[in-house]
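J.: If you want the building blocks of each chain, they are given just below.
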Amino acid sequence: MASYKEIAEQGLWTQNVVFSQLLGLCPTLAVTTSGTNGLGMGLATTAVLAVSGMIVSSLRQWISPQVRIPVFIVLIAALVTLVDMGLNAYLHDLYKVLGMYIALIVANCSVLGRAEAFAAREPVFASGLDGLSMGLGFTFALTLIGLIRELLGAGTLFSQASLLLGPSFKFLETTVVADYGGFLLMILPPGGFLVLGCLLAAKRLYEARRAVAAGPLSPSAQPA
Amino acid sequence: MNDAPLLPLAAAPPVAAPHTYAARSVSTVMAWVMAALTPATVYGFWLYGWPALYLWLITIGCAVGGEAFCLRLMGRRPGPILRDGSAVLTGWLLAVSLPPWAPWWIGAFGGAFAAIFGKQVFGGLGQNPFNPAMVARVALLISFPVAMTSWVAPLPLGSAAAPGVLQSLAITFKGIPTDFDGVASASLLGYSKTEMTRGIDLLHSLAHAGAPGVAWGGFRPGSLGETAALLVAAGGALLLWLRIISWHTPAAMLAGIALPAAIGHALNPGQYLDATTHLLAGGALLGAFFIATDYVTSPNTPAGQLIFGFGVGLLTWVIRTWGGYPEGVAFAVMLMNVMTPVIDRYVKPRAFGRDRRGRPIAARRVN
Amino acid sequence: MTLLELREKIGYHALLLGAVALAASVTLAGVDGKTRSGIAAAEQRDLQQSLAQVLPEGFADNDLLKDKVNLKRADGSAVAVFRARLKGEAKGAVFQMSARGYADEVVVLIGVDVGGRILGVRVLKHKETPGLGDKIEIAKGNWIRSFEGRSLGDPTAARFGVKKDGGVFDQFAGATITPRAVVKAVREGLQFFVANQPAIFAVPGKE
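As given, the protein sequences belong to chains G, B and U, one line each in that order.
Per my numbering, the first sequence starts with residue 1, numbered consecutively.
Per my numbering, the second sequence starts with residue 225, numbered consecutively.
Per my numbering, the third sequence starts with residue 592, numbered consecutively.
Accuracy of the hints is not assured; some may be wrong.
[Unchecked claim] Derived CB-CB ranges, DEER-like:
| id | chain 1 | residue 1 | chain 2 | residue 2 | range |
| --- | --- | --- | --- | --- | --- |
| 1 | G | LYS96 | B | GLY299 | 38 to 44 Å |
| 2 | G | TRP13 | U | GLY609 | 21 to 27 Å |
| 3 | B | THR525 | U | GLU599 | 54 to 60 Å |
| 4 | G | CYS198 | U | ARG664 | 49 to 55 Å |
| 5 | U | GLU599 | B | ALA586 | 44 to 50 Å |
| 6 | B | VAL345 | U | ASP761 | 38 to 44 Å |
| 7 | U | ALA793 | G | GLY166 | 45 to 51 Å |
| 8 | U | ARG664 | B | GLN495 | 25 to 31 Å |
| 9 | B | ARG581 | U | ALA612 | 51 to 57 Å |
| 10 | G | GLU6 | B | PRO584 | 54 to 60 Å |
| 11 | B | ASP568 | U | GLU696 | 40 to 46 Å |
| 12 | G | LYS96 | B | VAL345 | 53 to 59 Å |
| 13 | G | LYS96 | U | GLU599 | 46 to 52 Å |
[To be verified] With a straight-line Cα cutoff of 20 Å, these simulated DMTMM-like cross-link-like pairs (lysine to aspartate or glutamate) come out:
| id | chain 1 | residue 1 | chain 2 | residue 2 |
| --- | --- | --- | --- | --- |
| 14 | U | LYS726 | G | GLU122 |
| 15 | U | LYS716 | U | GLU779 |
| 16 | G | LYS96 | U | ASP623 |
| 17 | G | LYS96 | U | GLU634 |
| 18 | U | LYS754 | B | GLU419 |
| 19 | G | LYS96 | U | GLU779 |
| 20 | U | LYS755 | B | ASP498 |
| 21 | U | LYS755 | B | ASP579 |
| 22 | U | LYS775 | B | ASP425 |
| 23 | U | LYS731 | G | GLU173 |
The set of hints was computed from the structure by calculation and includes no laboratory data.
Here a beta-carbon is modelled for each residue, glycine too, at the ideal position from N, C-alpha and C.
Make a model of the complete structure from these sequences and hints.
T.: As C-alpha cells, then:
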C-alpha cells in the first residue's frame, strides 16, 4: 500500500486526472470558460470523488465482483444527484452556470475509475484521501485551464468568483485588460482543446528537462 | 545500456528500394503555385491599395516566423526547412483570403496560427490533417467576426480617393480612419443573406440600386485575392497545364457548387442565388484551384479527388445557403479534410496483378 | 458459509443491488424533500429579479409574479403579462416578446408604464453570434437601454428602426440583423400593449 504522501502526490501531480490520465475531459473542455467555472466544477467533482471513495471502500468486502460496476454507478449517481439538488437550492447562481454539467459528473470516468482502481481494494481513510487528492488535482487542472481561457478570451480573471465563494472573495475578480476586444476562439470549444494541448506539451517539456537534469543514472530518467 | 551512439533518424541510410525520382522538388512546386497566384494577388494590390500589400507582407512574415519558432523549439535548424517555401505559400493563401484592409494583428495572428497550430503541432509539412491557411482563416473568423467581415469598396491605386503610402500604414496599424467611413461595403453573399432575414427576397434585394454585384473582372468588395475570377482561373489553368494539380478536384468542386445552385435557382429564384453568382462570389474559384488541391490534405486518387471536390462544393453551397455565415469555402474545405483519410481508405487504386478488392488475378497464359 | 462464498450466489447479487438502490432512493427522497422548497424559492427569485430589471426601483410594491393575466395576441400566441401596482394603483406592465434574429428567436422582456412609455428592456434568451450580435445583452453593453423612455410615436413609426433602415437606433459594426430583430420585438410589444391596454388592467389582480 502506498503511503499517504504518495497518494497525495499521485492525485495532485504524477497521476493527475487531466494532465496524466486524460480522464474526465468532457467537463474539462466544456465548463472551463472561466476560472470560476473551473473551480466550481472541480470542487463539486472533488466532493463526489472523496465521498464515493469512502463509501465504496467501506462496503468493499460486501460488494460481489460480478455486480460491482452497477453498484458503483448507483452510488455515484445518487451522490451526484445530491450535489445537484444541494447546489440548486443553496448556491443557485453557480448552479445556473454549471447546472447542465453537474449531472455529467456521473459520466466522469475518473470517479468510476478511482472506485474501481483504488477504493475497491484500499481502506476507508486512504480511499477518502485518494479521492480528495485526485479531486484537488482535477480542480487545479480545471481552474488553470479556465483562467488561461478567460484571460485570453475575455481579459479577466475569476470573474463572478463572489457567486461561488461569497462576497468576501470579490477581490479575486480582476480585469486584466480593460476594454478588451475579446478573443472568442478561447471561450468557444476549440479554445479548450488548444489550451489543454499546450499545457500537456508544457508538462512533458518540464518533465523531460527534469529527467535530463537528474542525470542518466537516476531512476526518473528511465522511460515510464 | 547500449553505449554505441544512436544514429539520428534522418542520417540513417535508406533501407530498401524502390524510390521514385520526381523531377520537381517541393520548393519548385511551391514556387510555381506562388507564380500562379501572383496575377490575382497583384490585381488585389491594385484594387485595394497599399493596405492590402502591407497585410500580405505581415501575414507571410508571421507565417514564416511562426514556423521558424516551432523548428527552433524542436531543436532543428529552420533554414533548410523554410527554404521549401511551404510556409510562405501558407501565409500567401491566408493573406489572399483576408479582408484587404484588415488590421495588422489579423495578419500577424493568422499567419502565426496557421504555421504553429495548423501545421507544426502535427509535425510539419505532410503531417497536417487540415489545410493550415483555412485553419487560420476559420480561427480568425470565429474569433474576430467584426474585423473579418469588414469589406471595403475597391479604391484602385492611382485614383484620387485611394490612400497614400503613409496613410495606408496608418490604416493597417491604427485602424480605418473616420474619413474613410464611406468605403465600408458589403459582399454580395453577406448582403443577400442580411436582406433575406428582413423578409426581402433575392429578386427584390438584388434589383436594388445599391446592391453589390459580381463580375468576371473582379471589381467588387471581397477578400484580397479572390475577386478577380479570370486571373484566379488563369493561375489555375497554369497549374493544370504544368500538371501540378489535376482537373479532378477543381472541376468536382465547381460542379458541387454549381449543380445544387442551378437546381435551387430554377425552383425558386427568390430564395436561391444562381450558379454563376455562386461561382464568382466569395472564394469559390480560389478554393477550387488553390486550396482544395493541397496535396497533403486531399485524397491521392482521381476518384477520391472527385468525391472530395464535390463534397467541398456541396458543403460550400449548403453553408452559404442555410448556414450562419455568409461564406462557407473555408469551413467546407476543413470538413472535407477530415474525410480525406476515410476517402483514401475506401477509394484505393487497383494494385498491379490484383483486382479492386485486392484479390490476386489468375495469370493467363499468352502464347 | 463465509461472506466470500455468499458473495458468489446469484441471489446475493440481486439482494445487494436492491439494497444499494433502496438506500440511494431513500436518501435522495429525503434530500429532495429538504431542498424542494429552496429550489422553488430560488427559481421564483430568478424570475422576480429579471422582472425587477425592467422596472425602476420603487416603481411597484406588489408581487408581480402573483399579479398576472394571460392574453392572446392577434396571431393566437399567448402572452403572460405581469402587472405592476403601487399602493393598489396600476402603474405598468411587464411581458415577453420575441422576434427572429440571425440564429434563432431573440426573447426580450419589456417593461411599460401605463402611459405606454418603455421603462426597460432586457434580452432573456438568444443564440446570436458571440462578439457580433451579443452586444444586445446588458452585460456586454448599454445598447439595450436606448429604448428607455421611448414609446409608439417617439420616434415616429417610420423612424422606429435601426439607423441603416432610416431609424433612430444604432446597429453594431458587422451586425444589423440582431438589433433589427430586437427593435422589431420592442415595437410589436408596444403595439400589443397599446392594443390590449384595457384588457391588461381590466381584470382585477389576485392579491
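J.: Hint by hint, where does the structure go against what was stated? Just the numbers, ascending.
T.: 1, 2, 5, 12, 14, 19, 20 and 21
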